[in-house]
Amino acid sequence: MPQSMPGVPALLTAAVKYLEDELLPTLTGYHRFRTRVTINVLNTIRRELEIREPQSAAERARLRALLGHDGDSETLSAELSERIRQGAIDLNDGNLRAHLRQSLADALAINNPKWPGR
Amino acid sequence: MSTDDFSARLEAALARHIGQPAKVHDLQRLTGGANRTTMSFDADVAGQRRRLIIQLGMETDDPVAGMLPEISNEQQARLMIAAQRVGAPAPRVVAILQPADGLGEGYITERIAGETLGSRIVRDERFAPARRVMAQQCGEILAAIHRIDLAEVPFLKRQDAAEHVAAHRRLVDYYGFVLPALDLALRWAAENEPRNQRHTVVHGDFRSGNLIVGEEGIRCVLDWELAQSGDPMQDLGWLCIRTWRFGGLEPVGGFGSREDLFAAYERASGDLVDPGHVRFWEAFGNVKWSVDCLRLGMRGIDEVDIERSAIGRRIEEPLWDFFNLIESRE
Numbered sequence: 179m180p181q182s183m184p185g186v187p188a189l190l191t192a193a194v195k196y197l198e199d200e201l202l203p204t205l206t207g208y209h210r211f212r213t214r215v216t217i218n219v220l221n222t223i224r225r226e227l228e229i230r231e232p233q234s235a236a237e238r239a240r241l242r243a244l245l246g247h248d249g250d251s252e253t254l255s256a257e258l259s260e261r262i263r264q265g266a267i268d269l270n271d272g273n274l275r276a277h278l279r280q281s282l283a284d285a286l287a288i289n290n291p292k293w294p295g296r
Numbered sequence: 019m020s021t022d023d024f025s026a027r028l029e030a031a032l033a034r035h036i037g038q039p040a041k042v043h044d045l046q047r048l049t050g051g052a053n054r055t056t057m058s059f060d061a062d063v064a065g066q067r068r069r070l071i072i073q074l075g076m077e078t079d080d081p082v083a084g085m086l087p088e089i090s091n092e093q094q095a096r097l098m099i100a101a102q103r104v105g106a107p108a109p110r111v112v113a114i115l116q117p118a119d120g121l122g123e124g125y126i127t128e129r130i131a132g133e134t135l136g137s138r139i140v141r142d143e144r145f146a147p148a149r150r151v152m153a154q155q156c157g158e159i160l161a162a163i164h165r166i167d168l169a170e171v172p173f174l175k176r177q178d179a180a181e182h183v184a185a186h187r188r189l190v191d192y193y194g195f196v197l198p199a200l201d202l203a204l205r206w207a208a209e210n211e212p213r214n215q216r217h218t219v220v221h222g223d224f225r226s227g228n229l230i231v232g233e234e235g236i237r238c239v240l241d242w243e244l245a246q247s248g249d250p251m252q253d254l255g256w257l258c259i260r261t262w263r264f265g266g267l268e269p270v271g272g273f274g275s276r277e278d279l280f281a282a283y284e285r286a287s288g289d290l291v292d293p294g295h296v297r298f299w300e301a302f303g304n305v306k307w308s309v310d311c312l313r314l315g316m317r318g319i320d321e322v323d324i325e326r327s328a329i330g331r332r333i334e335e336p337l338w339d340f341f342n343l344i345e346s347r348e
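These protein sequence lines map, in sequence, to chains U and E.
In the working numbering, each number is its position in the first sequence, counted from 1, plus 178.
In the working numbering, each number is its position in the second sequence, counted from 1, plus 18.
Quick caveat, the hints were computed from the structure, so don't treat them as lab data.
The model shown is predicted, which means the values in this text are computed figures rather than measured ones.
Beta carbons are placed, not taken as given, at the ideal position from N, Cα and C, and that holds for glycine.
Be aware that one or more of the hints could be misleading.
Partial pick of chain U residues on the chain E-facing surface, computed with a CB cut under 10 Å [said to hold, decoys possible]:
no.	residue
1	204
2	215
3	231
4	279
Partial chain E-side listing against chain U, Cβ under 10 Å, derived [claimed, not checked]:
no.	residue
5	197
6	201
7	295
8	333
9	341
Quick list of simulated restraints, FRET-style, between CB atoms [said to hold, decoys possible]:
no.	chain 1	residue 1	chain 2	residue 2	range
10	U	195	E	55	17 to 27 Å
11	E	146	U	201	42 to 52 Å
12	U	210	E	43	20 to 30 Å
13	U	260	E	210	33 to 43 Å
14	U	292	E	34	31 to 41 Å
15	E	322	U	195	31 to 41 Å
16	E	320	U	226	48 to 58 Å
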């Protein structure tokens, strides 16, 4: 498929700019709140498009090191979940904790970048 | 039901319960209280204007309803009456609706003026005097709630820490959701359940956002639908999780210190507070909120609702805080 212009991030940025700078100041109460939420969601989509892919590659490498074999991220994550639930991995394991922290930090960088620093 | 029809039934119900004719004005649906229908209205009764709230309906379409304790409107009303009797500032119940009222299951209470938005309470200058006393008031109010006689509210389901952890594990399994950090948090909770859990009435959702606040402090405690019987320290821990600080810096609801909360609770209840015990419930409160985010996010998908969908994307926030807590970075 040919790349249409403008690309998705630019479209999202323009949509957010309109909602935030022009629409939001005219609203109060219920619609102001819901529009604010909508702006946040559009910003989340933009960040996910921009940074999720490089995060995924690094996550898969960490999972591979933790579990000792390769696979796609989703399968490896499900296996890690199962090991944690079964008690097959020490909850205080430093590498495990570091991996979980990094995965949470990655997700927050998309969903709410302000959270970890506050 | 049309608004006129609803108003007519409401007037008939008021007349039946109060014993005098009532004229309803300014009926409006309130935003917030996402779980049920809450409406505010005024009623002229015997030459006096009464400011009232009507609470109607339950969420019955949630596939996981019943997996966590939730009490009916009638039970909430009975609990609020019991809370009033021990001096806790619950809404004053005017009527518990009956089938003859034709309005469904619900209740009518007096309406208290004040602010409920956590972000305003922690930030606005006019609440500065309130912020100075609120942690202490929370301790005193919780001590009162925890001394309600369980025999008066036999409908409360017993939920100790083990049951809470198991119920949340079941919820995550129900959705088949894979998030290793959440699995670790649930296992940590199962392995660190506090000993010496007492058994009292537990409000279950005592936090900023569910308190009506005036410039002088807390006026009223709302949202009793998650009440249960269990470990009273649960209420103290839940009140402290960062989500309910709404950007405020102080650990208790963004407005006060744990020391003030605990000291006031000890004075009012005569029971010692073990900070480690509360810390478990704060850590678990974060787990609970993260599962709530999952649940609300899944509902957001079903309902195609932007607000709930957005909450689904908040699932990592409390897990981040959970790790900070158990690794003592706070």
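Point to revise | Evaluation of the interface hint that places residue 197 of chain E against chain U, nearest CB under 10 Å | key: With Cβ-Cβ at 7 Å, under 10 Å, it holds.
Check your understanding: Taking the least C-beta to C-beta distance, is residue 204 of chain U closer than 10 Å to chain E?
Key -> At 18 Å from the nearest chain E Cβ, residue 204 of chain U fails the 10 Å test, so the hint is violated.
Exercise for review: Mind checking the hinted window 17 to 27 Å against the Cβ distance between residue 195 of chain U and residue 55 of chain E?
Suggested key: violated, 36 Å
Check your understanding: Is 31 to 41 Å right for how far apart the beta carbons of residue 292 of chain U and residue 34 of chain E are?
Key -> violated, 52 Å
Review point. Range hint 48 to 58 Å: satisfied by the CB atoms of residue 320 of chain E and residue 226 of chain U?
Key: violated, 22 Å
Check your understanding: Given residue 279 of chain U was flagged as interface, is its beta-carbon under 10 Å from a beta-carbon of chain E?
Key -> holds, 6 Å
Check your understanding: Taking the least C-beta to C-beta distance, is residue 201 of chain E closer than 10 Å to chain U?
Key -> With a closest approach of 4 Å, the residue 201 of chain E hint holds.
Practice item. Can you let me know if the beta-carbon spacing of residue 146 of chain E and residue 201 of chain U is within 42 to 52 Å? Key: violated, 33 Å
Check your understanding: At the C-beta level, are residue 210 of chain U and residue 43 of chain E separated by a distance inside 20 to 30 Å?
Key -> Check passed, 26 Å falls within 20 to 30 Å.
Review point. When the nearest CB of chain U is found for residue 333 of chain E, is that gap smaller than 10 Å?
Key: holds, 8 Å
Point to revise | chain E contact restraint for residue 215 of chain U - C-beta distance below 10 Å | key: holds, 5 Å
Practice item. Check the following: the C-beta atoms of residue 322 of chain E and residue 195 of chain U are separated by a distance inside 31 to 41 Å. Key: Violated, since residue 322 of chain E and residue 195 of chain U (Cβ atoms, about 25 Å apart) do not stay within the stated range.
Violated hints, listed in ascending order, are 1, 3, 7, 10, 11, 13, 14, 15, 16; each of the other numbered hints is respected by the structure.
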